[in-house]
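Enquirer: Quick note, the sequences are listed as chains A and B, same order. Per this note's numbering, the first sequence starts with residue 9, numbered consecutively. Per this note's numbering, the second sequence starts with residue 9, numbered consecutively.
Just so you know, the hints here were simulated from the structure itself, not pulled from any lab data. Using N, Cα and C, we set each Cβ at its ideal position, and we do this for glycine too. Warning: the hint list may mix true and false statements.
List time: in silico DSSO-like cross-link candidates among lysine-lysine, alpha-carbon distance up to 30 Å [said to hold, decoys possible]:
| id | chain 1 | residue 1 | chain 2 | residue 2 |
| --- | --- | --- | --- | --- |
| 1 | A | Lys11 | B | Lys310 |
| 2 | A | Lys10 | B | Lys310 |
| 3 | A | Lys125 | A | Lys95 |
| 4 | B | Lys83 | A | Lys321 |
| 5 | B | Lys433 | A | Lys10 |
| 6 | A | Lys228 | A | Lys96 |
| 7 | B | Lys83 | A | Lys11 |
| 8 | A | Lys95 | B | Lys310 |
| 9 | A | Lys96 | A | Lys231 |
| 10 | A | Lys10 | B | Lys83 |
| 11 | B | Lys34 | A | Lys11 |
| 12 | A | Lys228 | A | Lys367 |
| 13 | A | Lys10 | B | Lys84 |
| 14 | A | Lys234 | B | Lys437 |
| 15 | B | Lys84 | B | Lys449 |
| 16 | A | Lys300 | A | Lys254 |
| 17 | A | Lys10 | B | Lys189 |
| 18 | A | Lys95 | B | Lys77 |
| 19 | B | Lys84 | A | Lys11 |
| 20 | A | Lys96 | A | Lys200 |
| 21 | B | Lys310 | B | Lys83 |
Just some of the chain B residues that point at chain A, by a computed CB distance under 7 Å [stated by the list, open to error]:
| id | residue |
| --- | --- |
| 22 | Phe18 |
| 23 | Phe20 |
| 24 | Pro22 |
| 25 | Ala49 |
| 26 | Val192 |
| 27 | Gly403 |
| 28 | Phe404 |
| 29 | Leu419 |
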Amino acid sequence: MKKQEAIATVAVFIVLIFGLTLWNLLTPDRAFSYNENKSLQQFPKFSVEALFEGEWQEDFEAYLTDQFLARDAWVSLYVGVEQIMQKKDVNNVFFTEDGGMIAMDTKQSVKDTLVEKNLNRLERFAKYFQEKLGAEHTSVMLVPTAQAMLTEQLPANGQDMIFDQLALLEQARERVDAQVWIDAESVMAAHKDEYIYYKTDHHWTMTGAFYAYQEWMGQKGYKDVKLEDYDITVLSEEFLGTTYSKAPAWGIQPEQMLGFSLREAANEYTLRIDEGDELINGLYNEEKLAEKDKYAAYVYGNTAITEIQGGEKNGRVLMIYKDSYAHCFATLAAADFETVYLVDPRYYLFDIWNFAEEKQVTDVLFLFNAINFAQETNLYTLDE
Amino acid sequence: MVFSSLLFLFCFFPAVLALYFACPRKWRNFILFAASLIFYAWGEPVYVVLMIFSTVVDYVLGAAVDKYKTAGNMKKAKGAVIASAIINLSLLGVFKYSDFLIGNINALLGISIPMPGLALPIGISFYTFQTMSYTIDIYRGEAQRQDNIIAFGTYVALFPQLIAGPIVRYQTVAEEMMGRKENVDDFASGIHRFMIGLGKKVLLANSIGLVWEQVCAMGIDTLPMLSAWIGIIAFSFQIYFDFSGYSDMAIGLGRMFGFHFLENFEYPYMSRSITEFWRRWHISLGTWFREYVYIPLGGNRKGKNRQILNLAIVWLLTGIWHGASWNFMLWGCYFGIILIVEKLFLLKAMKKWPVVLQHLYAIFLIVVGWALFSLTDLGQVGSLMAAMFGLNGAGFATGESWYLLTSNLVLLVILVLASTDWPKKLAVKVQTMLQNQPVIKTVVSNVFLVIVFILALAYLVNGAYNPFLYFRF
Numbered sequence: 009m010k011k012q013e014a015i016a017t018v019a020v021f022i023v024l025i026f027g028l029t030l031w032n033l034l035t036p037d038r039a040f041s042y043n044e045n046k047s048l049q050q051f052p053k054f055s056v057e058a059l060f061e062g063e064w065q066e067d068f069e070a071y072l073t074d075q076f077l078a079r080d081a082w083v084s085l086y087v088g089v090e091q092i093m094q095k096k097d098v099n100n101v102f103f104t105e106d107g108g109m110i111a112m113d114t115k116q117s118v119k120d121t122l123v124e125k126n127l128n129r130l131e132r133f134a135k136y137f138q139e140k141l142g143a144e145h146t147s148v149m150l151v152p153t154a155q156a157m158l159t160e161q162l163p164a165n166g167q168d169m170i171f172d173q174l175a176l177l178e179q180a181r182e183r184v185d186a187q188v189w190i191d192a193e194s195v196m197a198a199h200k201d202e203y204i205y206y207k208t209d210h211h212w213t214m215t216g217a218f219y220a221y222q223e224w225m226g227q228k229g230y231k232d233v234k235l236e237d238y239d240i241t242v243l244s245e246e247f248l249g250t251t252y253s254k255a256p257a258w259g260i261q262p263e264q265m266l267g268f269s270l271r272e273a274a275n276e277y278t279l280r281i282d283e284g285d286e287l288i289n290g291l292y293n294e295e296k297l298a299e300k301d302k303y304a305a306y307v308y309g310n311t312a313i314t315e316i317q318g319g320e321k322n323g324r325v326l327m328i329y330k331d332s333y334a335h336c337f338a339t340l341a342a343a344d345f346e347t348v349y350l351v352d353p354r355y356y357l358f359d360i361w362n363f364a365e366e367k368q369v370t371d372v373l374f375l376f377n378a379i380n381f382a383q384e385t386n387l388y389t390l391d392e
Numbered sequence: 009m010v011f012s013s014l015l016f017l018f019c020f021f022p023a024v025l026a027l028y029f030a031c032p033r034k035w036r037n038f039i040l041f042a043a044s045l046i047f048y049a050w051g052e053p054v055y056v057v058l059m060i061f062s063t064v065v066d067y068v069l070g071a072a073v074d075k076y077k078t079a080g081n082m083k084k085a086k087g088a089v090i091a092s093a094i095i096n097l098s099l100l101g102v103f104k105y106s107d108f109l110i111g112n113i114n115a116l117l118g119i120s121i122p123m124p125g126l127a128l129p130i131g132i133s134f135y136t137f138q139t140m141s142y143t144i145d146i147y148r149g150e151a152q153r154q155d156n157i158i159a160f161g162t163y164v165a166l167f168p169q170l171i172a173g174p175i176v177r178y179q180t181v182a183e184e185m186m187g188r189k190e191n192v193d194d195f196a197s198g199i200h201r202f203m204i205g206l207g208k209k210v211l212l213a214n215s216i217g218l219v220w221e222q223v224c225a226m227g228i229d230t231l232p233m234l235s236a237w238i239g240i241i242a243f244s245f246q247i248y249f250d251f252s253g254y255s256d257m258a259i260g261l262g263r264m265f266g267f268h269f270l271e272n273f274e275y276p277y278m279s280r281s282i283t284e285f286w287r288r289w290h291i292s293l294g295t296w297f298r299e300y301v302y303i304p305l306g307g308n309r310k311g312k313n314r315q316i317l318n319l320a321i322v323w324l325l326t327g328i329w330h331g332a333s334w335n336f337m338l339w340g341c342y343f344g345i346i347l348i349v350e351k352l353f354l355l356k357a358m359k360k361w362p363v364v365l366q367h368l369y370a371i372f373l374i375v376v377g378w379a380l381f382s383l384t385d386l387g388q389v390g391s392l393m394a395a396m397f398g399l400n401g402a403g404f405a406t407g408e409s410w411y412l413l414t415s416n417l418v419l420l421v422i423l424v425l426a427s428t429d430w431p432k433k434l435a436v437k438v439q440t441m442l443q444n445q446p447v448i449k450t451v452v453s454n455v456f457l458v459i460v461f462i463l464a465l466a467y468l469v470n471g472a473y474n475p476f477l478y479f480r481f
């Protein structure tokens, strides 16, 4: 009796250990994880030197972890167990009652010293262009993210855990001229019951971006924007964004991604990426819509510089100094300027002042979401 | 390399297991020895030389002790034992304590001798104690000398207990080094033990460890009381499940290869006094110090004053063994003093207390002890203590405290239950209930095992968060 039980245990163990080992060995390696949006570690090249320094071993372990069989399913299982355990956040993601998710950026994830530096840089940026182009052509917009606006959807005391974006906005507002500051917080607050933030991604939706665009156009006295003026198309019904990637819980519904286009204007847009020679037609990268990273469909995603041609022939040139919140926003702004330059400080590390001079920029917009602004380490190009 | 990694579970271990059981008995020590060197060298390619050095030294000195003893020359035999102690303790001294010593000398004399800045070789505190035990055991006639250097090397380097114990004394496994009989029953019980250890480490210790990390990140100086206690209780659970989980895995792995190590933990948080706690916590270390320090110093046989002195020496050493830093010294002294007080009168007086009060007394002192242990910076320790006792003016609780508490409440309840022997009692009860239904019994126990393993894998894959606390010792 006892013997049989022992044999059964040994058999189960052998099957588990050797079975999974073999299965892992026989599964072909993947180069890229779409869910995590990162390249996966490949089998490391062996060298005696790397071995003695322990680098080879580190790479090999990373290789094993990255290539582990059905990696995403294991992480989903982890998230499921944590949810059963009543954890209020899993992998820095809050789960809301309506089956959505909200990214959680803790107080500890933001460094006060960096915030102070970035506020100084923002101030410098605003002052410089205000002097050069005038207050009516200079705008600063910091957008609070879902965790800062949808507070009633956070778990109890959840708000105490996260970085206070609204306090940061208050600080930033004091640093720039009132004419320059675009109050995204009030806009988002006014529409917070609408679908202005994705439930599986850290970005605002096209709708959220639209309201901010409307406010910006209005405040600058440029034009009156009405929702009815736009044709709205569904770009995808299958969007599962970055928040989902961090905590891929079972049963999360994919989301809709929209495209807005001005009905009256028959604009033909062309894009130029990173000052290359190729001209691309259209504002959307359709290929990305078929992949995991669908948000990158808007103006071709993260680049150092994206140049958009084809808006109103008014001789105006807009430079948006931005993070990815500007990508869907730019599909709206493209109509109002002859040229729009999207400049991303994470990739464009050259002199921004020269750039504006060279491109004969007439208008500038500083557009970041508040949490990115607080955590961004690449704004040093704005330093003196 | 650590057990709770994909590397160990799906590369190293299957390979060693297959090789080990495919080969005839006489090769098996060599396979374990070679595997252990790879296991060690994986993260420390250079320091493996130190371990081999310590092994060779004690192999030679052990043989010398044996030779002199047989020749009746006890003086020379003793000399060899002393040589072993000096060499091993020097290794420890240089690689573990030199920065600490020089730093303190510099601070004291206001000079600046450059520090060597050597990285601590993994497991050095464990294997030096093991090799010393061999030579001393031969001298005392409690073990035979081991002629086969591979067998001896296997004992020192044996990967299950190499980097975090238990500290296996040579006499415990002397016979099994040469004539062990692996069998299915041992193998199966080893699997169970390993899985339980894996679960303790990956599911419990790592999870609650994140809470301690979170609390630390909030800034020790400004913690409200509740957060401070959540933090230090989290640390108390982390260190117990981390370390005892590791011991379980070591004992389980040993058993799969036919070794029987002694138990290292016996539900320490169920203790009713600190004296009892130290009989249940890291038993192999306590035994080592008792056998090789306390008793040779005279133990309790030379009067009360001498006993107190002996206890003080042992606890100072126990403290400093845990790390080259003042807080560990303080932690050792703390327990030394409590143990002396208990020995002098408190233990007797406590017998009249209600049992609940005895438990509360013990657990309170243990947790406060962990506060001394958890942070190597004495200033930080002070801040944590101030926070725990509400002396930093940060109040009782903030929203963060309540969030931490409610978000981890289920985990905390599980940890409390898992610290007791109730789960084990329940398992025994279920097993007796199913005694006449061997099939169901087999299914139940294996399903449990598979679930623990699958969940542990999910947690491992999810997190690169997989540190072993006892690495620094």
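Enquirer: Please go over all the hints and tell whether each is borne out by the structure.
Expert: Hint check results:
no. : hint                  : result
1   : Lys11(A) / Lys310(B)  : violated, 52 Å
2   : Lys10(A) / Lys310(B)  : violated, 51 Å
3   : Lys125(A) / Lys95(A)  : violated, 35 Å
4   : Lys83(B) / Lys321(A)  : violated, 103 Å
5   : Lys433(B) / Lys10(A)  : holds, 19 Å
6   : Lys228(A) / Lys96(A)  : violated, 42 Å
7   : Lys83(B) / Lys11(A)   : violated, 52 Å
8   : Lys95(A) / Lys310(B)  : violated, 56 Å
9   : Lys96(A) / Lys231(A)  : violated, 44 Å
10  : Lys10(A) / Lys83(B)   : violated, 53 Å
11  : Lys34(B) / Lys11(A)   : holds, 26 Å
12  : Lys228(A) / Lys367(A) : holds, 22 Å
13  : Lys10(A) / Lys84(B)   : violated, 52 Å
14  : Lys234(A) / Lys437(B) : violated, 72 Å
15  : Lys84(B) / Lys449(B)  : violated, 59 Å
16  : Lys300(A) / Lys254(A) : holds, 13 Å
17  : Lys10(A) / Lys189(B)  : holds, 18 Å
18  : Lys95(A) / Lys77(B)   : violated, 63 Å
19  : Lys84(B) / Lys11(A)   : violated, 51 Å
20  : Lys96(A) / Lys200(A)  : holds, 22 Å
21  : Lys310(B) / Lys83(B)  : holds, 24 Å
22  : Phe18                 : holds, 5 Å
23  : Phe20                 : violated, 10 Å
24  : Pro22                 : holds, 5 Å
25  : Ala49                 : violated, 9 Å
26  : Val192                : holds, 5 Å
27  : Gly403                : violated, 13 Å
28  : Phe404                : violated, 15 Å
29  : Leu419                : holds, 6 Å
Hint violations for this structure: numbers 1, 2, 3, 4, 6, 7, 8, 9, 10, 13, 14, 15, 18, 19, 23, 25, 27, 28, all remaining hints satisfied.
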